[in-house]
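Using the sequences and the accompanying hints, generate a full structural model.
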Amino acid sequence: MTRAFTPPISKSPRMPDVLAISGLTAGYGPLRVLHEIDFRVAEGERVGLVGLNGHGKTTLFRAVAHMTGWQSGSIKLNDTEIGGTRSTGPGRRTSAIVRKGMAMTPQGDAIFPGLTVRQHLDCGAYSKLAWRERRQRRDMVMDIFPPLRSLQDALVGKLSGGERRMVSVGRALMVDASLYLIDEPSLGLAPKISASVIEALFSLPTDGRAMVIAEQNVALLSGRVDRMIGMHAGRIRGDVGHVGLE
Amino acid sequence: MDILGTLIHGLNLAAIYGLMAIGISILWSSIGMINMAHGATFAVSGYAAWLASSAMKPVIAAAFGKTLMAKFAMAGVTVGAGVTAGAMFGAIIYLLAFLPIHDKPNYPVRSLIVTLAINLATVQLLLWYFGPRSRGLPKLFGFGKFEVLGIPIRYDQAGAIISTAVILGLVLLWLKVSRKGLEIRAMMQNPEGAVLSGISVRWTALPVTMLTGALAGLAAILLSQTIFVSPTSGALPLIKGLTIALLGGLGSVPGAVAGAVIIGFLEATVGALPFLGQRYVLFAQFLFIITVLIIRPRGLGGLLDETRE
Amino acid sequence: MADDSRYYQVGQRPREVVLHPAGDEPLRRHRVPFTRRHLVKWRSRANPKSLRHERRLSDKRPLWWVLGLGALLIATPFLSNSMITIAAIFCMFAAINVLWTLVIGTAGIFSLATLAIVGIGGYAAAGLNVWIALPWPLMFVVGGLAGLIVGGFLALPSTRLDGLYYALLTMGFAEICRVFVVQLKVLGPTNGSINSVGSFIPRDWFLQRPGLLMGFGGAFILLLLSLLVFRIVNSERLGMRLQTAREEVGGEAFAEAVGIDYRQARLYVFLITSGCLGVIGAFYAMFYMSISPSIFSLDQLLLLFAMIVIGGLGRSEGAVIGTAIVVLIDKGMLELGPLRILLIAAIMLGVTLWTDNGIAGIRDQFRTYRNRKKSEARARRTEKGGEVMPEEAIEFTDKQEVYYRRFQKRLRDHLKTLITDDLIEQHRKAPLGKHSDALNRVLNYFRRGEMADKYAIMRQPDGFHKYKVVAFSGERGAPPRLVDDKTYEDINDAYHAVFLLRVNDLLES
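Protein sequences, first through last, are from chains A, B and C. Under the numbering used here, the first residue of the first sequence is numbered 1, with each subsequent residue one higher. Under the numbering used here, the first residue of the second sequence is numbered 1001, with each subsequent residue one higher. Under the numbering used here, the first residue of the third sequence is numbered 2001, with each subsequent residue one higher.
Hints listed in this document are in silico derivations from the structure and should not be mistaken for laboratory results. A few of these clues could be false.
What the hints assert, rightly or not - Pairs of lysine-lysine, BS3-like flavour, derived with a Cα cap of 27 Å:
#1 C:Lys2373 to C:Lys2409
#2 A:Lys128 to B:Lys1176
#3 B:Lys1104 to A:Lys158
#4 B:Lys1104 to A:Lys128
#5 C:Lys2373 to B:Lys1104
#6 B:Lys1057 to A:Lys100
#7 C:Lys2416 to C:Lys2454
Unchecked claim - Far from chain C, by Cβ distances over 10 Å, these chain B residues were calculated:
#8 Met1056
#9 Pro1100
#10 Asn1106
#11 Leu1120
#12 Ile1167
#13 Leu1172
#14 Leu1173
#15 Thr1226
#16 Phe1228
#17 Val1270
Computed from a predicted model, the values in this text were never measured in an experiment. Beta carbons are placed, not taken as given, at the ideal position from N, Cα and C, and that holds for glycine.
In structure tokens, the structure reads:
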């Protein structure tokens, strides 16, 4: 029997919300995927979003980035309203939202196959500050993902799946976003590699930023995120809060 | 047969065709549009340069007289007007053929049709307004020739070759090292990934169309040193540019450069051969291109086309 | 019910013509001679509401074709000479465009060499007629053969090159033809054109009214024949095979996987079309009694392209509608001068910016748009998708389950609104007996609940008036479990406790 929905309690009530979603409904054409979602992520939090395939995790991320077919409801990023009812096609407002401080790693390898690793990482440094400091930032990403260091001039399209995922995640880390949405970092990877990708994600400092990781494999996240939120049938089901880091 | 003279002539043609072909290639690789209005851009820039130069002629004559400065000022006005008009026309193409339809299905065919319509309308407008008479542009580089290593080179040939090489070099360098260039390449490979990297597809496409328009404007000025400006003068450069872009493999800039050089030399050589002559130039070119395309269906360097998908 | 009650026609098309044949009347269907096809698509069904047998036309396009072409045929003899010429040119270009549609739409080859093939067919026929005095009926044969040969030559790279590459290549081919013809030494004096070609129109009738009418008649027959070719190629075996390969994504791979040699089929379509275009070329030379290199020119090609673009790529009605519009503007409004081309370009621009597939596709586009908006709005306002996710829905073998769950959800939502403090108070006062309608509904819902976790009252063995609430396990042999330790002294209290538990569950669901 499913429990009634209780609003998630953030780790520390004093921290401001980075992402505050309320009443978000979204879908594609005749399909309604998300149903009145309420969801908050506070600063400094790492949130795991778990749920089976096709229950709306990716759509939730895509709705934040305005890439769904249609959507309505309020989405606040750092207290700026980025949601609302949208009638234009998907993706028109995405770049503006990204510039407001959202970094998203899409599911799979939605990356630029013809660029080198270095250029690919530079693509992520879209703000003026980040572009000026792109060398240091690249170094930082390479520290997180050491295998990339020797591949800087290789074409991304020729890398292995794990390396591509690292590049894909690394691109999102090139800029000081306040909200990171990482969609299925372990999808299609060997367990060892996916563990190392997740490991790297958790090694990031969380001061001033928040991270939401969507994952099917609960074991990879358990005990390492501040909160775990389940999604079922387009609704948020259950909120296992306060899972302290061990 | 004057081999060295043919060589220079070939380089001259290669330079002008290259400007057209690279514009078409860049546009295809970055925003997936086959710009059939490139010829219209060419003609419009030619007319703009002609208008500006004839309007400024008395002013410049009054200010500088017959000094070298006057020549520089004239050249500046002509080139400036042509390039600006080309860029403005590129912006119009962006407004009509990119902005309203870029996220609709079947975009390449749609944009092809829209640019065709723009081309048709522009040529008719020019015909209507200016009449079919052709106009000559002021000679930017003056008349006369000089000799390098015993090869006589006309000033306009040298000017065309050098300015094209410099400008193409600058453009390619800009595309390679600048941030905008990186954004353009990112956009052409994966539009969805590009917007997730904070790159706005709509705002990145505008400089591309303006840049290619400016290149076509420059080509118009340079070619008009040897031929005249007329409403239909854009048709042949458009066809040449398109076929060279095809030969090079649509979207590949090095391929387009190589294609332009090959086609330029082919034209010069076939035109210079006594038993073939000027009338078989087009024939020879198309036969060559068809042969290359049958052997290599994606052209000389058509790899980027595959990465688009 | 009173007699003056009115009945309204309902349904999407209340004014559609429906035949009501007598039920015992034998079905008579006329077939096209020598084939198994029917002329029009009548479909019969028994209307379940009116209980009447009805028969309606499910595809009304043949009617529109007959009306349109019939009107053209009847009206033309009464028009002025210039209008007759326009009608004849319309028929000729429409024939070319219908065949071109076959290449672009059915075969999916983006060829721009159509006019070049027409021109070559025309030149071959005209040349042979002028120089070796070929009689005019044989000119059609020569034109067709020339078209077939050129088509075969052009078809070679078509399967190897990508769409746009091939389009630009064929455009270049037309240009080569023009340059070649202009530079032929034999045709030097006439600037590349062949004049005084023999024709089916007698020489002294040329440009006279009977000659014009003959020309129109010939062009009309040509149009009918090309429509026939379109019908035979597009909707019979060849077209059906190609339909598989036409899908945007993976269509070709799929066709190959199911054993359709789509390349060969495309080649056949291209060859057939080229032959027919050659015949049209011969007709063109006869119609004007001359042929000039302008047929290869880019402008002419663009005009033709504008026609099929405005009408809609890939549909025969689109080709004809587009041709009608462009020919009327281009040939019928000569007084406008260069504005004509501007007008055509503007129409082309508008059609491409706002429609998906030309004017002929507007109807479908509007329906798709309306359906999309409708379904989006429905998805926004209903929640039925929430009970069963689409992925789950395809896993159910019994689709009834999907609807059952959705019904239950709606029912629960409704019952939740009924539950008030008054209602609970009413039940507390009298768990059994006469209840209000709302309470009855709620109780009825509870009674129909599933056995698993259903609450019951168990009399305790240690006292006659001692009850506890239990919940059934739902499995045979597994005993019920105790819900709580509370003991009720009064059966009514126990009833009410069960009621409260169920209300609680209902509100939580």
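To see whether the hints hold, each was checked on the structure:
Between the alpha carbons of lysine 2373 of chain C and lysine 2409 of chain C the distance comes to roughly 25 Å, so the proposed pair stays at or under 27 Å and holds. Between the alpha carbons of lysine 128 of chain A and lysine 1176 of chain B the distance comes to roughly 19 Å, so the proposed pair stays at or under 27 Å and holds. A distance of roughly 31 Å separates the Cα atoms of lysine 1104 of chain B and lysine 158 of chain A; the hinted pair therefore is violated under the 27 Å criterion. For the suggested pair lysine 1104 of chain B and lysine 128 of chain A, the alpha carbons sit about 32 Å apart, so the restraint of at most 27 Å is broken.
For the given pair, lysine 2373 of chain C sits about 17 Å from lysine 1104 of chain B by alpha-carbon distance, which is consistent with the 27 Å threshold. Restraint check for lysine 1057 of chain B and lysine 100 of chain A: the C-alpha separation of about 51 Å exceeds 27 Å, so the hint is violated. A C-alpha spacing of about 19 Å is found between lysine 2416 of chain C and lysine 2454 of chain C, which places the hinted pair at or below 27 Å, so the restraint holds. Every C-beta of chain C lies more than 10 Å from that of methionine 1056 of chain B, the closest at about 29 Å, which supports listing it as non-interface.
Not every CB of chain C is more than 10 Å from the CB of proline 1100 of chain B (nearest about 5 Å), against its label as outside the interface. With a least CB separation of 8 Å from chain C, asparagine 1106 of chain B falls inside the 10 Å interface cut-off, contrary to its annotation. Against the 10 Å criterion, leucine 1120 of chain B falls within the reach of chain C, whose nearest CB is about 4 Å from its own CB. The claim that isoleucine 1167 of chain B lies off the interface holds: its Cβ sits roughly 26 Å from the closest Cβ of chain C, which is beyond the 10 Å cut-off.
In this structure leucine 1172 of chain B is separated from chain C by more than 10 Å, as the shortest Cβ-Cβ distance comes to about 24 Å. Against chain C, the non-interface label of leucine 1173 of chain B holds: every CB pair exceeds 10 Å, the least being about 29 Å. With a cut of 10 Å on Cβ distances, threonine 1226 of chain B stays outside the contact zone with chain C, its closest approach being about 20 Å. Every Cβ of chain C is farther than 10 Å from the Cβ of phenylalanine 1228 of chain B; the closest lies at roughly 20 Å, confirming the non-interface assignment.
For valine 1270 of chain B, the requirement that its beta carbon stay farther than 10 Å from each beta carbon of chain C is met, with the minimum near 13 Å.
Of the numbered hints listed earlier, those contradicted by the structure are 3, 4, 6, 9, 10, 11.
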